[in-house]
Structures are given as C-alpha cells and as structure tokens.
Amino acid sequence: MGGEGGKGGAIKLITLDLEEIGVPSMDTLEEIAKREREEARLEGIREGERKGKLEERKELVIRILSKRFGNQLTEELKNDIRKAVEERINNIEDNLLEITIEELKDLVK
1 MGGEGGKGGA IKLITLDLEE IGVPSMDTLE EIAKREREEA RLEGIREGER KGKLEERKEL
61 VIRILSKRFG NQLTEELKND IRKAVEERIN NIEDNLLEIT IEELKDLVK
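Heads up: the sequence shown at position 76 corresponds to 76 in this note's numbering, and the numbers run straight through without jumps.
In short, the hints are calculated from the structure, not lab data.
For each residue, glycine too, the CB sits at the ideal point set by N, CA and C.
Check before you lean on any hint, since a few could be wrong.
What the hints assert, rightly or not - Computed spacing ranges between beta-carbons, pair by pair: (1) Leu107 <-> Arg35: 40 to 46 Å; (2) Asn79 <-> Glu47: 20 to 26 Å; (3) Asn79 <-> Met26: 30 to 36 Å; (4) Ile101 <-> Gly44: 33 to 39 Å.
Can you make the complete structure from the sequences, with help from the hints?
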C-alpha cells in the first residue's frame, strides 16, 4: 500500500463515521443540477397549465358575453378580453350577469 491508498482509506472512514452520526452525505453538483432542472421543468408545466386554463376562461367569458350583447361585443373588445390579465377576468366573471357593455369596455382598456 502506498501513501495514496492510505489517504483514500482514511477519507472513506471519515465519510462512514459522518454517516453513522447522522450527517447526511452531500449531493454532487450533477445531482443538484439534475434536481434543479427537474424542478424547473415541473414549474414550466404548471405555468403552462395555468396559462391554458386562463385562456379557456377568457374564451368562455367571450362566449357568454357574446350571447348577452350580440354584435355589441366587437372583435376589438373580444381581443381586449383575450389580452386582459387574470385579475380583470376574475372581475368580469364575478359580474357576468350585471356588467354593462360600457363597464366592460372600461374594464378591459
């Protein structure tokens, strides 16, 4: 056994001793990077699902308001609804039966 063999054995013993006393082993950079990539991927999926649901809600609002207001709900107004942030869509949804066309125009501008 050379000097390096002894060092390697000492390092292993220290690692084993640390594990025995409950000190967790450290992740490698590769493991950390892999975990972070997976977390980012899942976050991207969740964000995509959230955006998809918001788009569906916008289209449902447009369909309902089209039935209420007919041709008063212009293509321009429909596009404004499609561009609206979630808070505005929530407000429109909460007031679908009471909102006037003028209030709707003010809300999405």
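Hints the structure violates: just list their numbers, smallest first.
-> 3
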